[in-house]
Amino acid sequence: MASGVSFWERIGFRSGGGVGDAGWGRTLGVAIVSLIYFLPVLFIIFTAFKPQELALSVPPTLSPTSFFGLIPDQFVFSPTLENFGSVFSRVMTAGGAPEATGFDRFFFNSIVIATVSVLLALVLGTLASYGFSRYPLKGNDTYLFIILTTRMLPAIVVVIPIILMFRAVGLAGSYTGIILLYTAFNLAFTIWMMKSFFDELSTDVEDAARIDGSSETKVFLKICLPQVVAGLAATFVFGLILTWNEFLFALLLTGPDTRTVPVAMNQAVASGGRGTDWTLLAAIETLFLIPVFLVTFFLQDHLLRGVTFGTVKK
Amino acid sequence: MSTIEIRKLTKKFGDFVAVRDADLSVAAGEVVCLLGPSGCGKTTTLRMIAGLERATAGDVVIAGQRMNDLSPEKRNIAMVFQFYALYPALTVGQNIAMPLHYEKVGKAEMETRVNKVADILHLREVLDRLPGQISEGEKQRIAVARAIVRDPNCFLFDEPLSRLDVELRHSMRGQIKGVLSNLSKATVIVTHDQLEALTMADRIAIMRDGLIEQVGSPHEVFAKPANVFVASFIGTPQMNLIEAQFKGYNNGKAKVVFDQQDVDLSVDPAVANLAPGKVTVGVRPRAFTVVSQDTQDTIEALAELIEPMGAETLIHARTNTGSDIRVVVARHNRVKTGEVLHLIPDRAQTHVFAEDGRAVRA
Numbered sequence: 001m002a003s004g005v006s007f008w009e010r011i012g013f014r015s016g017g018g019v020g021d022a023g024w025g026r027t028l029g030v031a032i033v034s035l036i037y038f039l040p041v042l043f044i045i046f047t048a049f050k051p052q053e054l055a056l057s058v059p060p061t062l063s064p065t066s067f068f069g070l071i072p073d074q075f076v077f078s079p080t081l082e083n084f085g086s087v088f089s090r091v092m093t094a095g096g097a098p099e100a101t102g103f104d105r106f107f108f109n110s111i112v113i114a115t116v117s118v119l120l121a122l123v124l125g126t127l128a129s130y131g132f133s134r135y136p137l138k139g140n141d142t143y144l145f146i147i148l149t150t151r152m153l154p155a156i157v158v159v160i161p162i163i164l165m166f167r168a169v170g171l172a173g174s175y176t177g178i179i180l181l182y183t184a185f186n187l188a189f190t191i192w193m194m195k196s197f198f199d200e201l202s203t204d205v206e207d208a209a210r211i212d213g214s215s216e217t218k219v220f221l222k223i224c225l226p227q228v229v230a231g232l233a234a235t236f237v238f239g240l241i242l243t244w245n246e247f248l249f250a251l252l253l254t255g256p257d258t259r260t261v262p263v264a265m266n267q268a269v270a271s272g273g274r275g276t277d278w279t280l281l282a283a284i285e286t287l288f289l290i291p292v293f294l295v296t297f298f299l300q301d302h303l304l305r306g307v308t309f310g311t312v313k314k
Numbered sequence: 001m002s003t004i005e006i007r008k009l010t011k012k013f014g015d016f017v018a019v020r021d022a023d024l025s026v027a028a029g030e031v032v033c034l035l036g037p038s039g040c041g042k043t044t045t046l047r048m049i050a051g052l053e054r055a056t057a058g059d060v061v062i063a064g065q066r067m068n069d070l071s072p073e074k075r076n077i078a079m080v081f082q083f084y085a086l087y088p089a090l091t092v093g094q095n096i097a098m099p100l101h102y103e104k105v106g107k108a109e110m111e112t113r114v115n116k117v118a119d120i121l122h123l124r125e126v127l128d129r130l131p132g133q134i135s136e137g138e139k140q141r142i143a144v145a146r147a148i149v150r151d152p153n154c155f156l157f158d159e160p161l162s163r164l165d166v167e168l169r170h171s172m173r174g175q176i177k178g179v180l181s182n183l184s185k186a187t188v189i190v191t192h193d194q195l196e197a198l199t200m201a202d203r204i205a206i207m208r209d210g211l212i213e214q215v216g217s218p219h220e221v222f223a224k225p226a227n228v229f230v231a232s233f234i235g236t237p238q239m240n241l242i243e244a245q246f247k248g249y250n251n252g253k254a255k256v257v258f259d260q261q262d263v264d265l266s267v268d269p270a271v272a273n274l275a276p277g278k279v280t281v282g283v284r285p286r287a288f289t290v291v292s293q294d295t296q297d298t299i300e301a302l303a304e305l306i307e308p309m310g311a312e313t314l315i316h317a318r319t320n321t322g323s324d325i326r327v328v329v330a331r332h333n334r335v336k337t338g339e340v341l342h343l344i345p346d347r348a349q350t351h352v353f354a355e356d357g358r359a360v361r362a
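Protein sequences, first through last, are from chains S and Z. Using the UniProt record's numbering, read the first sequence as starting at 1 and increasing by one per residue. Using the UniProt record's numbering, read the second sequence as starting at 1 and increasing by one per residue.
If you're looking for bench data, these hints aren't it; they were derived computationally from the structure. Check the hints yourself; a few may be wrong.
[To be verified] Coverage of chain S stretches by chain Z, computed from C-beta distances (three or more under 8 Å per stretch; other residues unrestricted):
#, stretch
1, 96-105
2, 277-290
[Claimed, not checked] Restraint-style ranges between C-beta atoms, simulated for each label pair:
#, chain 1, residue 1, chain 2, residue 2, range
3, S, T149, Z, N68, 37 to 43 Å
4, S, T142, Z, E109, 50 to 56 Å
5, S, L225, Z, K107, 22 to 28 Å
6, S, T150, Z, K74, 51 to 57 Å
7, Z, K74, S, L225, 22 to 28 Å
8, Z, K107, S, D104, 49 to 55 Å
The structure displayed is predicted, hence computed values, not measured ones. Just so you know, even glycine gets a beta-carbon here, dropped at the ideal spot from N, CA and C.
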């Protein structure tokens with residue numbers, strides 16, 4: 001499946017008989033609903049390419065081209081890349097020279113913090129869930145429940161004690177601090193996800209490997225892990241999306257050097273006293289979409305299998 | 001020598017005793033079937049031999065060495081699983097070669113040995129496919145191939161044929177038997193299918209509720225069941241087991257009363273030592289002779305349902321107080337529904353079981 005798939009097929013346009021089995025009517029219905037869902041994202045992406053003065057124009061400009069005259073001129077804007085430039089460097093004080101905004105750093109921070117914490121949670125969580133699945137403790141479910149309770153409280157409830165604790169041990173504002181915090185939060189989710197994947201595996205195959213001469217470590221690495229790749233991919237993507245977009249903890253626990261994009265975005269548009277710069281905001285958001293979009297895109301095959309895993313028995 | 005011996009093997013899961021004091025020894029080249037209804041502890045016994053379950057008490061001795069504390073990979077055994085347990089991400093060839101990796105066999109030799117077993121089990125064409133792309137019968141053969149590719153101490157089979165359809169089961173039974181006979185290893189096969197056990201085994205161990213009830217050759221367990229359970233479990237159609245009152249033994253015949261019929265039955269002389277009381281009389285459906293109504297000491301029953309089975313006819317009959325009796329007669333013996341049958345059981349195939357269920361036999 002992996003190699004022979006064209007770009008168009010990857011994003012859902014499949015050639016051959018299977019397509020359109022549902023008929024044009026239903027396809028149209030789904031297309032309309034999808035468009036409604038996608039509209040806000042699309043609007044933000046378009047706004048990122050608009051000249052600043054058109055951001056809040058009434059009626060709104062809707063399209064970068066007139067589609068050969070199909071769309072009246074008043075709805076058409078001429079696209080510009082200027083906003084993307086000002087994400088990284090722009091004039092901060094009236095009449096001054098453009099200054100670096102530090103957003104390259106913030107993007108780097110977001111990528112590092114999200115990736116490291118999700119991967120760390122994936123490694124720890126996979127090992128833990130394998131343990132919970134294969135070597136149940138007395139009261140296994142109780143422990144699993146307790147692990148999940150960490151995700152039951154809204155972040156705002158626990159944020160103050162966490163800030164105090166982080167200050168006390170000197171983790172506030174450091175990479176280590178925010179990465180550990182995100183890892184802890186992702187861990188609960190990872191353990192629950194991965195446990196269900198391990199539970200689905202046939203233990204016979206593992207027993208066969210033991211009899212064929214595998215040690216317990218080999219059984220885990222060579223037999224079990226390859227069978228849950230879909231689950232790892234799905235868990236990774238969901239964890240990444242959650243962490244990537246996290247705002248509250250990042251706001252309170254990152255310092256100027258470790259700031260992530262959601263926090264920096266907030267500060268970039270709120271400062272300056274000129275009101276919200278919508279096109280700038282849209283440009284940041286558009287750039288912000290790209291990494292998660294790419295990861296999801298490349299793991300898509302695994303992801304779909306992962307999400308539907310276990311619902312269909314062979 | 002490749003032998004298996006289990007001594008007083010016991011497995012408890014909490015308070016539940018899955019296997020109790022099981023004793024069994026399997027000689028090199030011998031095939032022993034563990035046979036019993038589901039939940040009788042046969043698979044648990046097998047898994048203890050393999051080392052996949054830890055014995056609560058007792059010993060597992062393989063090739064003369066006590067194996068209790070060794071993990072499965074150190075026991076040098078080969079096992080075929082009920083659901084085949086093929087490695088889904090590996091090709092058929094790689095699946096078969098898997099145990100050889102751990103034996104640290106060279107690449108050339110690995111290939112020769114994989115090809116050799118692939119030839120034996122007719123798997124040459126599918127070696128490059130994945131387990132998801134082949135038929136059920138092929139999967140089963142791969143599981144066997146993976147077991148015989150190495151040179152283990154013994155072979156263990158867990159319900160090896162239960163997932164195959166009837167026809168495949170027939171041919172695989174023969175194939176496995178053929179393969180095993182060339183290897184002279186101790187082999188244990190777990191099955192709930194008596195036909196499988198009767199055809200494949202040199203000896204059968206019949207289990208119930210964690211206990212081994214009888215160990216014997218297929219002929220022995222069929223002809224001389226040790227107790228009521230074995231008698232009822234082995235043989236199709238099932239043996240007739242009729243509760244009766246034993247009155248006394250005289251001149252080679254036992255006087256028994258059942259369903260108000262007073263009958264003298266030819267039985268084993270050991271019955272002479274039995275005190276009068278409740279007994280169970282067991283007679284195989286094929287052990288009856290239908291005789292004319294003036295013959296003495298017959299069991300009378302009314303034919304209620306007739307099932308032609310081809311060469312033979314199965315008759316469900318009922319005595320006047322309502323006990324069911326199954327009788328199998330030859331095809332040419334035309335019995336009609338509603339007819340009263342006069343039956344004489346064959347002495348050699350009439351079993352008397354004492355009140356505790358044990359067979360009374362010399």
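Non-conforming hints, listed in increasing numerical order = 1, 2 and 6
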